[in-house]
Each structure stands twice: as C-alpha cells, then as structure tokens.
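Engineer: Residues per chain, in single letters:
4 protein chains.
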Amino acid sequence: MCRWLSYRGPAIYLEELLYEPKHSLIDQSLHALEAKTPTNGDGFGVGWFGARKTPGTYHEILPAWNDANLKSLAHQIQSTNFFAHVRASTGTATSRANCHPFSYRNWMFMHNGQVGEYHKLRRALESRIPDELYIERKGTTDSEAIFFMMLGNGLEDDPVRAANKTLGQVVDMMEAAGITAPFRMTSVFSDGERYYALRFSTDDRPPSLYYCDEKERLILVSEPLDSETSSWKTVPPSTMLMVDEAGKVELQPLTLQ
Amino acid sequence: MCRWLSYRGPAIYLEELLYEPKHSLIDQSLHALEAKTPTNGDGFGVGWFGARKTPGTYHEILPAWNDANLKSLAHQIQSTNFFAHVRASTGTATSRANCHPFSYRNWMFMHNGQVGEYHKLRRALESRIPDELYIERKGTTDSEAIFFMMLGNGLEDDPVRAANKTLGQVVDMMEAAGITAPFRMTSVFSDGERYYALRFSTDDRPPSLYYCDEKERLILVSEPLDSETSSWKTVPPSTMLMVDEAGKVELQPLTLQ
Amino acid sequence: MCRWLSYRGPAIYLEELLYEPKHSLIDQSLHALEAKTPTNGDGFGVGWFGARKTPGTYHEILPAWNDANLKSLAHQIQSTNFFAHVRASTGTATSRANCHPFSYRNWMFMHNGQVGEYHKLRRALESRIPDELYIERKGTTDSEAIFFMMLGNGLEDDPVRAANKTLGQVVDMMEAAGITAPFRMTSVFSDGERYYALRFSTDDRPPSLYYCDEKERLILVSEPLDSETSSWKTVPPSTMLMVDEAGKVELQPLTLQ
Amino acid sequence: MCRWLSYRGPAIYLEELLYEPKHSLIDQSLHALEAKTPTNGDGFGVGWFGARKTPGTYHEILPAWNDANLKSLAHQIQSTNFFAHVRASTGTATSRANCHPFSYRNWMFMHNGQVGEYHKLRRALESRIPDELYIERKGTTDSEAIFFMMLGNGLEDDPVRAANKTLGQVVDMMEAAGITAPFRMTSVFSDGERYYALRFSTDDRPPSLYYCDEKERLILVSEPLDSETSSWKTVPPSTMLMVDEAGKVELQPLTLQ
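Protein chains in written order, with UniProt numbering: chain A, 1 to 257; chain B, 1 to 257; chain C, 1 to 257; chain D, 1 to 257.
You may find that some hints are simply not true.
Because identical chains share one entry, a pair is satisfied inside a single copy or across any pair of copies.
To be verified - Subject to a maximum C-alpha distance of 20 Å in a straight line, what follows is the list of computed EDC-like cross-link-like pairs (lysine to aspartate or glutamate): (1) K71 - E60; (2) K120 - E175; (3) K36 - D204; (4) K138 - E60; (5) K233 - E60; (6) K138 - E126; (7) K53 - E16; (8) K36 - E117; (9) K53 - E136; (10) K248 - D158; (11) K53 - E15; (12) K138 - E245; (13) K233 - D67; (14) K71 - E136; (15) K53 - E20; (16) K138 - D67; (17) K120 - E132.
Calculated from the structure, these hints are not laboratory results.
Please take these sequences and the hints and turn them into a complete structure.
Structural biologist: Below, the structure is given as structure tokens:
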C-alpha cells in the first residue's frame, strides 16, 4: 500500500502540497494514518505537466522524507497538474522502475492498491500488453502492468472505457486463476488535459481516496492533508472521478466490462 | 535516535539476530517500540570481526528492511563479534559516511543518541580530534566525532579511561557553550578482543540499552529482540559494560573526567 | 558489453583477483581494453559460494571503482568459487535487478554480450521461461532471461544440454524474427560443484574470453588481469569449458540444438 | 578532475547544452578529452536560477550518463543561468554532499581542480570558515571548503575581492604547510545576477576553461561542446571572467591578496 496525491488547477509550487500541509504527503511517508502500514519508504516519485508535451518525472529509491533533491524540486517547480507518490512495496523490488508515477508519451498514471496474489497473475496481466508497449515495460509491478493494459485498451482514445475494460479483464483473470484475494485500487491518470481518477475493490474495503474541489483547485489524496475534514470528500467505492469540458468535477459509477 | 545490536560469543550467522527474532533489528527498523520514532530508515550498517585483523563493514543509504544485499550477507557471514545499526537521522544527511558502525584500524564503534544542539558544538568537538585522525573523518555526525575523540584520548591503550575522558569533555564543552539540551548516548566499541558498551545521559532519560548474557553469548540491544523479558537485563544509566579476561560480563559506573 | 571474472580453486580472498592485479576487474571497470567501451560503470555484482548451499551475492548500482563496501567485502570474504561482474548497459536500466551474477537456488550465472535487437525479442525469450521460474524474474535484461531459459531447459540436470538447447532456441527465435544483428555471449554458471563456461557468437566476433589453469586454480576473465600473456589462454569460439570429475579443465565444441 | 558547464543568457532548456551537442557534458562524463581521466562518473549535479530567489539543485551519486531523472529535468527546466558538473573524485567519497554545484542562500558555486595534498590542508582550510557557515558544511571536499572561505571573505559584498583573497589564503596555507603539489582551479559562481568565473594554477598547468560569447549567450565549459573551435575562446590562466552591468563579458587578471 502506498500514499499518493494529485493536483489540478491554477499553477502552484509542488511544495505547497508536498511539504506545507500538516499531514502533507511527506508526512504521510513516515506517518500514514489510513494505510495498512504507517511507513511508505520504498522509493517515491513525482510527475508534473509543464511547458512540454510530455510530463517531467523524478523517481528515487530513497525514502521521500529526507530527500534534498525532492525538496529543492518542489520549491522550484510550478505546475497546473502534478502527481506525487510515496511507495510501500507489497513484494516487488525497490527500484526506480517500480516507482510511480509511470508515464508513456503524454500520459501519466499512478496507483495505490494491489492485485491479490499478483505473483500468480503477473504473466497473464503482461500477456494483455500489446507488443509495441511491452518493450516499454521497465519494472515488475502490477501497477505498471495495469497502466500498459489500459493503454492497450485504448486509454488515449477513450479513457473511461479503457479503465473499465482493464478492471474487468483483471477481475476475470483473477477469477480464471482461482484467486480469491481482493483486487484493490485507487488510481489517477491524465494527459495534461483530460483528468481521471478511480476507486475500486473486489471486496468492500477499497483503499481510501479523498478529494477537495474548491476555488478551481482539485486535490486528490489517499489521506486528507489536514484535519479540516469538512473540505475533504470521500470518493465513493466503484466510482470514477473526472473533470468535464467545463472544468466541473463529475463522479460516475465504474461499469466494468 | 537509532536502534542497534551487538553480539559477542561463539560464531553465529548474522541473520540469526538480524532477521530471525520476532522483534529483530530489521523489524525495529520499521517498528521500534522504545525510540522516539518507530522508523529507522535513514541508512544502516553492519560490521563484523572475521579472519582479518580489521573488521568488515557494509553501509547503505537505503532502509534496511528491504535490502537484498544485507539479507544475503547476513545469511552468509558468520562472526564471533558483530555490530548492526539502523539509523534515524537527527539532522545530518543520509550518506554512507554517516552510517554506523564507524571503524578505524581494528576498532569499531557505534552509537545511539544525540549531543544536544550539536550544530552549535560540532566545531568544538572536531577541534579535539588529533590531526592524524581528522583526515580520516568522512562524515558529519556527532557519533563519528565522538569516536575520533575517543581514539585521540587513548582508546587503543585504555578504552575505559578514553571513554570516560571523552564523555567528560563533551559535557564540559556543552556547559561552556551554554547548551542545556541533554547529551544522551548508548554505545559499543571493540577491537575484536576487548569489548565495551556504555549507557549515559546528562538528564534522567538515557536511551534504552539491554543485554542478554547466556551460554557464552552476550547480546546487546537498544530493544529486546523478543518478549521473553526475563532474559533481558537493563544496563543501568551511567554504566559501562565490559567483558573481563575470563570472559565474564562486568558492569561498573562511568567516572567522567 | 561488460567485463567479468570467475574463480574456482583453493579458497582465496576475493580481493586477490578483484583488486590486486595490475589490470584487475576493478581496473577494467574504468579501463577495459578489449571491450567496445572502456567504461563499465552501470552497476556491478559479486557472487560467491561459501559455507551455505546457496551463493552469497552483492549487487550495487554505483560504479565498482569507488565502492567501499565492495572493497571491504573483497578483503573479508574467502571463496573456492566466485563470480564478479562490472556492467556496461546496452540499453536496459541501471538497477540491482539488472546486475549480474543472477542466482536461483544453488545456481549462479553471469554473462557478457548481447542478443541483437533484444527489444524485438524480449517477449519471445520470456515466453520460454516456465511459470514457476517466471515469477522469479526481477529485472529486464536478456542475460537474466537466458539464465531462466537455461533453468527451464534442465540446467540443474544436464547443464551442457541445457546451455546448447537454449543457445539454439535463441538463434532460432532471432531467425524467426528476422533479426540479423549478431547474438554474442560469454557466460559462466555453477552450482558450487559443477562449473561451466562458454564463448559463442552467431558472427565471427564473439566477446573475448581467457582462462588460466595453473596450480589447481582456474581463472576465467573477459580480459587478462596482467600482461603475462603466456599464462592466459583463449577459450576458442563456439566452445564450452568445463571441469570434469577429476578436476581437470576440458574444452568441447558447443553443439546447438 | 571534473568537467563542468555554465550558461548565462536568454532562457533555454538545460538539455540544449547538457545533451544535444556532440561533445555535450553528458558525453564528457564518459569521454572527456582534456582531463586527466576520460571518465567523470563519481556523481554529478545541476543547479539553476528560476523564478525563486534561491537556485534549484539536483545532485546524484550515480554517473550522469544513464540518469533518467537528469534527462527528464533537463527536458523540462528552462533557465537563464545554470550550472552543471560531472565529477571524478580525487579522493573524497562519492556522496551527494560532495557533488557540485554547492549553494548557500542565493549563491551557487562549482569547481574543477584540486588543492595539492588536500588531506594535509583540510583542517587549515576549514579553520577559515566562519562559525555561522561552518554548520552548513555538509561534505568533505576542498571545493566546498573554498566556497565557504569565499563566503567568509565577503563573497556577497565584493565577489572579486573575496575570490582573490581566498586564493591568496590557500596559496599561503599551502606554503606554510610545505606543500609543493600545485593548487589548480577553475570555478564559476553567481547569485543569479552577478556572474564570475576564474582559471588559476600555482603551476603552469591550470585546468582547461573555454567560453563562447555570442548572441547574448555566454557559455563556459571545461571542454568545447563541439569541434567548431572558432567560437570557443580560452580563458587565459590567472584570469577572472565577469559580466559587467551592461551585460558585456570582461576578463581581468587575478590579483591574489
């Protein structure tokens, strides 16, 4: 289980959300409250959309809480749309290639959760990744596999359909493999313009996911950044959050295929 | 604050103490119970006496809990006298040079605790390190400075006197600098034959230090490795533990000079 | 292209071959003479057979030439059979999981060379890895894929046959994929008792491989460790080197299947 | 010996100088032509002035040539004034704290060269660093010590005087210590507005330093980035380069005090 944060809105410095809040993501890397484990120290990553078509990324295998590079980057970099992730490995190695966010062309993706008994399903998941994407697979996580499955399922054309289709495929494959452990997932993905997040589980315990939608700012977090709980709303289970053309946040049920 | 463990006795594999106990040092790197913070993820190190005159050392800036190298080394290496340390930085950087144990020639030293307001005293502490040792200083911690002060105070000739003298000097320097924050310390040091540990504080809250002395095995730990508390004894405050010529564990009060 | 070294014989300290010779493997990490590039700084690894059934391993993403851990380990560890490898990436990431030697149970393997246009063949190679081994795949290199293919082809039962069969499969798959870039490879693999090495290429430029067989010591190297060229013999192309039951070094042609 | 590059002019992406030229700084990290050693793989760093008062920095202990973070940052970040440095250690450890550029408040500094027999002089150099700066010393290099000496000598008020005074002090201290090995140095330092560089040696072999001053762009490099040597001019020995109020590059002799 991991902790993550994503922002969409007027340009702000990354540090405003990564470091400044009382229960900032950096604080959550040591003291997560709503995760299985309080410590998320198996690497981290940030990704941000700036002046370029593709997002910038910085991944590191050290814990986030003491990383001077992250501190400097978060002080310097402004973005209208960024992702940040602190990792608690559920079995795979601590390597940069296993750190979120993952990116491909202009798409960025990150994830918290777990495919139950992933070691039994890794090969099947990977088999759904098209050849031209497979050669881009750099790590060994279930998260990156799901991202490439989504890309293979048409993420660039119809993100909602691709996400629903991918979730459905994973659920089917788990059933086929006789896996009863749950598939739990929160995720966010964006191409810098379109923006989506989802919360899902095959059991009744999806990972936590909150959002705050105020003053043109949309913030998504695994855990609230402060105790002003009034401003944080829960993303309901089996729900996709998206921003419509008018910039309005919209929630709709997932419809697995 | 950090957590550490030291062993002296018949040769055992390092993993027997580092990994196997329920509340092993590796477990303490994530879930310390008697420290200010449960997480000790700012690097780690092991040192061991083997067939060579000088101890072997392995230091790493990653957290210990997921380090495959440490796991393999601890499975392979046997020793009659070894040190292991998981670090929680109290301000200085995460670098190999700041990871314990420190070694010089055939001496090895590690430490838990803190010199109060060290940033005000660093230069003064370093001024007590003799020239020929100063060029060996690789990091920036108070711990390494204290080790080199002890060497400068005759550690190789009279370890007990050198330790007492060094503690006295630090206390005096803190007073001279008007520092009222406490100086707290547990430490162990050995040349592979002689073996010493100490527990000290200028206030009434020295860091925890336990020992288990059974069947020719002496184990020193920041926290007990299991819940069989009967076998773990507390090293009293202001006390030095040492092993006499007959191999018997002896406790005596510190006598700061 | 990488540089490697392997030893089999009476127990010696690793440093005797890693550091002490004029053109030691550490020197080769900066100044390789017979490789495409002089620098092999994309991580390194050592593996050794000791008192345990499985080999010990130490992998690091830093260059070998300045690694204090490696220096200390090589000074401390003795072995009758060890591998060491300095890596120059041919495209895949610098991560511990991509550093040689690879190990599985009691087998250890390392490799120098390249499967031509590997990015086109990675999926096909991986498809030949049996399920129970596939979940052990931690990196993304062709080298690790070949090792697991060899294991799947019966390495533990008949190493010579497994190696020949695997090479044949790779050659066939490259042909099927229309790849004309060469497949070049030197490799060594051992379970601590049995010991094999091979030199192969689909063109007439296999990577260099030398051996020195004197006084019960067998040393295999990508490049000679010193200029006493008299003692270094070339392993001929398309040849497998093995040690027979009487401890005698034997060379025999590869017979791809 | 190291290689470095610095830019001052209209905002450009860092990659334009770090990656795109034929003999870019990244190429120089593997294939330096005018340095003692071709390989500069003991860590690297970049620093840049952006929208903030203090410069951003990114330091890493891995070689620059394969660092995906650097590649992404250099693609994203634009700056009117940036520094980049690839390191070849002359003895001190590979750690982030020893990687250039160094920064303090709004000043940034980097360096190539060496104080002869630095191990004999380290303590003396450090003794010239004022207390309030000494606590900021994070590494162990001569480079960082010289930067803090310059700050102590009034860098913020009169950079030219501070540099000359510091060089003079180092020379005097070396003489007093009976050191005959040369003190060689190229350096650049800036607060984002004022901009200075210098080339110096106590013998007749100062490290190479070139500049290109065209179309409002000032580029300083240890080695030319391409073979169009016509555009690269040598900074003469014992010379300080500076940009005057009108933006014009000016050279003047160093006047050690």
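Engineer: Evaluate each hint against the coordinates.
Structural biologist: Now for the hints, and whether the structure bears them out:
no. : hint        : in the structure
1   : K71 - E60   : both (13 Å within a copy, 14 Å between copies)
2   : K120 - E175 : within (12 Å within a copy, 32 Å between copies)
3   : K36 - D204  : within (15 Å within a copy, 35 Å between copies)
4   : K138 - E60  : both (15 Å within a copy, 18 Å between copies)
5   : K233 - E60  : neither (31 Å within a copy, 39 Å between copies)
6   : K138 - E126 : both (12 Å within a copy, 14 Å between copies)
7   : K53 - E16   : between (24 Å within a copy, 17 Å between copies)
8   : K36 - E117  : within (17 Å within a copy, 36 Å between copies)
9   : K53 - E136  : within (19 Å within a copy, 37 Å between copies)
10  : K248 - D158 : within (19 Å within a copy, 55 Å between copies)
11  : K53 - E15   : between (22 Å within a copy, 15 Å between copies)
12  : K138 - E245 : neither (34 Å within a copy, 42 Å between copies)
13  : K233 - D67  : neither (30 Å within a copy, 38 Å between copies)
14  : K71 - E136  : between (29 Å within a copy, 17 Å between copies)
15  : K53 - E20   : between (28 Å within a copy, 19 Å between copies)
16  : K138 - D67  : between (23 Å within a copy, 14 Å between copies)
17  : K120 - E132 : between (24 Å within a copy, 9 Å between copies)
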